[in-house]
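If you read the protein sequences in the order shown, they are chains A and B.
My numbering applies: residue 716 is where the first sequence begins, and numbers increase by one.
My numbering applies: residue 716 is where the second sequence begins, and numbers increase by one.
Read the hints as simulated data drawn from the structure, not as lab findings.
Errors might be hidden in some of the hints.
A pair holds if it fits inside one copy or across any two, identical chains being indistinguishable in the list.
Derived DSSO-like pairs: lysine-lysine, alpha-carbon spacing no greater than 30 Å straight-line [said to hold, decoys possible]:
(1) K812 x K991
(2) K1108 x K775
(3) K1075 x K838
Number of protein chains: 2
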Amino acid sequence: MFQCHARIPRDRGVVVKAQGVGERRIAACAPKSFKIITGSICAPLGFKAAAVFCGIKRRKLDLALIASDVRAAVAGLFTTNQVCAAPVRLSAQRVLKRFAQAIVANSGNANACTGPQGIRDAKRMAEAAASALNLKASHVLVCSTGRIGVPMPMENVQRGIRACAPLLARSATNARQAAEAVMTTDTRRKEIAVEFEIGKAMVRIGGICKGAGMIQPWMATMLAFITTDIAIEPNLLKRALRIAVAQSFNRITVDGNMSTNDSVIMLANGLARNSKFEIRDSQFQDALNFVCLELAKMIVRDGEGVSRFVTVNIHGARSAGEAEAAARTIANSALVKTSWCGGDPNWGRILCALGYSKAKVNESCVDVGYAKPGSREILFAFRRGRPTDVDLKTLGKISAAREFDLHVNLHLGPANFTIYASDLTEDYVAFNRRYESDPASTRRLRWKN
Amino acid sequence: MFQCHARIPRDRGVVVKAQGVGERRIAACAPKSFKIITGSICAPLGFKAAAVFCGIKRRKLDLALIASDVRAAVAGLFTTNQVCAAPVRLSAQRVLKRFAQAIVANSGNANACTGPQGIRDAKRMAEAAASALNLKASHVLVCSTGRIGVPMPMENVQRGIRACAPLLARSATNARQAAEAVMTTDTRRKEIAVEFEIGKAMVRIGGICKGAGMIQPWMATMLAFITTDIAIEPNLLKRALRIAVAQSFNRITVDGNMSTNDSVIMLANGLARNSKFEIRDSQFQDALNFVCLELAKMIVRDGEGVSRFVTVNIHGARSAGEAEAAARTIANSALVKTSWCGGDPNWGRILCALGYSKAKVNESCVDVGYAKPGSREILFAFRRGRPTDVDLKTLGKISAAREFDLHVNLHLGPANFTIYASDLTEDYVAFNRRYESDPASTRRLRWKN
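Using the sequences plus the hints, can you model the full thing?
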């Protein structure tokens, strides 16, 4: 079923036509130029999905297939971690060929730091999926997420792929199961779909993603799969995806750790039969930006142990790079994050983090303010280098809410940057200190060479 | 009383002559060329200390004076945070004058982000101390630690300085009280002193420091005061301190946050009457390195909520900068730190952090190994890009200890780097999420402009 985070401030609940399920009250977080629909990755025409449990995890769904009826333009963006997983290496090569038709994804094992055997296993996964779906192996992309350093249990994986292929169908239930099958430490499914008109054609974009910590050896990394029936050239698709990811998945942080497996893959199969010329208008980009940003925010809100969602807005930096550096340093400071956890408007820690960021800071110019999510009413705690006589109760009320906006103005230039961040909680530590995070869902695999 | 951390691996307990207290069994963590003695900052000839409670904190000692009988060469190193506290600005200027005679330090209030009033208050603190000690104000350095953004309660401070001055004495008790008066979230005093011969003169170096988190608005920052009776030119002193700090205070991390108030100040009053020529030999540098490193390690071991002390050794990086980047990225990764907290030999997280560090990494060359503190027996979990078939039980035993060494070899060049790090625990979060960390020791001060 479609799931849009209920805590989005603009969430008023509007009635939209839900595909195949009738009318449904869901969050109105989409601009008016497009409509939120159900079905996520199966909403676009010609996309099917399925998921099975094949024994990579202990119990839960752990293998998913996503396939298009026809060959689709493909774009992908991957982790820039120098230590990246075998499926990332394989898929990054294959998206360069511009067309693909299916994705096979598993959770429970990241196939990372597994040496040459890992590459062989990733290829074998693609081959098994290609053979079950009657496709060319080079048209199948592979994604894995879960424990690092453990060889893939290939017998289980191959059996799973064979069992999964006949289940492929275009249904909201199947899309939901695929979203579940890539979950690791996630507590919630993350799916979305929108539809809008391009010229006279109705087109759709659907997406699922997973992610809770940015990386764990036997837990979460970030994966996102986006499907669309738009007819679009692969080059344009790649450009649009790059823009959308820069404003969404690349602007979130839970714990500041960059995964070995992060991947965002998008397939566009052209079945909406829109004119390719018209795709150049901004509506497609707007819709894609929205889909990616909503998915990205779902990741932060479902971050490991997360109890606060904070939008950190930097204004007035000298350059875009400095604005980004300031935002990331604040959003990744352990002390800032723990103060958020305590609902504490601790602007001293924010100033301190700002001061050791790579951004130029002149203390006597800085403003630090707090606002309700999306509100333009900013309550300043520090202005032009001095503490204000702000009412601490009101300030504390804003920062004690589950979501709030932080506004920092450096007053040194024209550049801005926004990052979506979470707090750091005892639960995060308790969760990640454990040797095996979720005994119910992770198979005990021995380390072997 | 002298305190050396009991968990140092070389701690066998040797009998040394303790100044004024007779023989005492303490840790043998010093090389043989110099001897650990008691008395910390009062061990060197001509140095006096005193501390009082004057109402900056709620109850505990909160103001300390350290003074030399004669004018001393001075060297100081300060935070590079662009947002730095008023006393840091003042003291950094004053150490440029090469000579000083006293330090006034307080805890409970950092005098940071306090605007022009903060600078005025720091100057008034120095003036009050100078007047009470009959010195030139420019010969008094000022250090503060505690809450950010709160004006100094100057009446209390000035009264405290007047009360403190008559108590100045050269005794181990007074040195201990001074070490206590700069504590914020520290749970243990941090002091040390050594003595050794230069030519025919017996000389001494003593030090105290405080620090538990690298910064908190109303809690810890790192301060260190080092005294010596060695006769030395200010330029040589500065050079020696710079070398010692680079290998100690600049190689520790608790939470990766750089304070607004970090300061290391050293006074050398020359009363040991050694030949200045002889000071150029390496013994002085060795002793100073030792003093600084032991103090720095005490900070990590007493870090907020810390339950593990890990020495991270990077070998085989292409350059010193890359070795440092790799070490810092590993030591500051929230996921690596939480795995240490769980006593988990989670080498996958280490590889992942390595991969997103600024250091060049070739996964197929990397070794990751664990060892008991100081031991040369390294147990490798990952070698040349592949998981080994290490015995997990033995590996788990090493990493579950309170202290262990991590060895990462990149096999790409000649550069090495070592950093002393702590884990990240639930206690750290619980501690720092609270609005007021220690109601018993921090006065409730209102935010005012």
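Checked hints:
For the identical chains of this complex, K812 and K991 are intra-copy neighbours only, at 20 Å inside a copy versus 72 Å across copies, given an alpha-carbon limit of 30 Å. Within a single copy, K1108 and K775 get their C-alpha atoms only as close as 45 Å, which misses the 30 Å cut-off; across copies the closest is 28 Å, which meets it. Only between protomers do K1075 and K838 lie at most 30 Å apart by alpha-carbon distance; the minimum there is 27 Å, versus 47 Å within a single protomer.
Of the hints listed earlier, there is not a single one the structure fails to meet.
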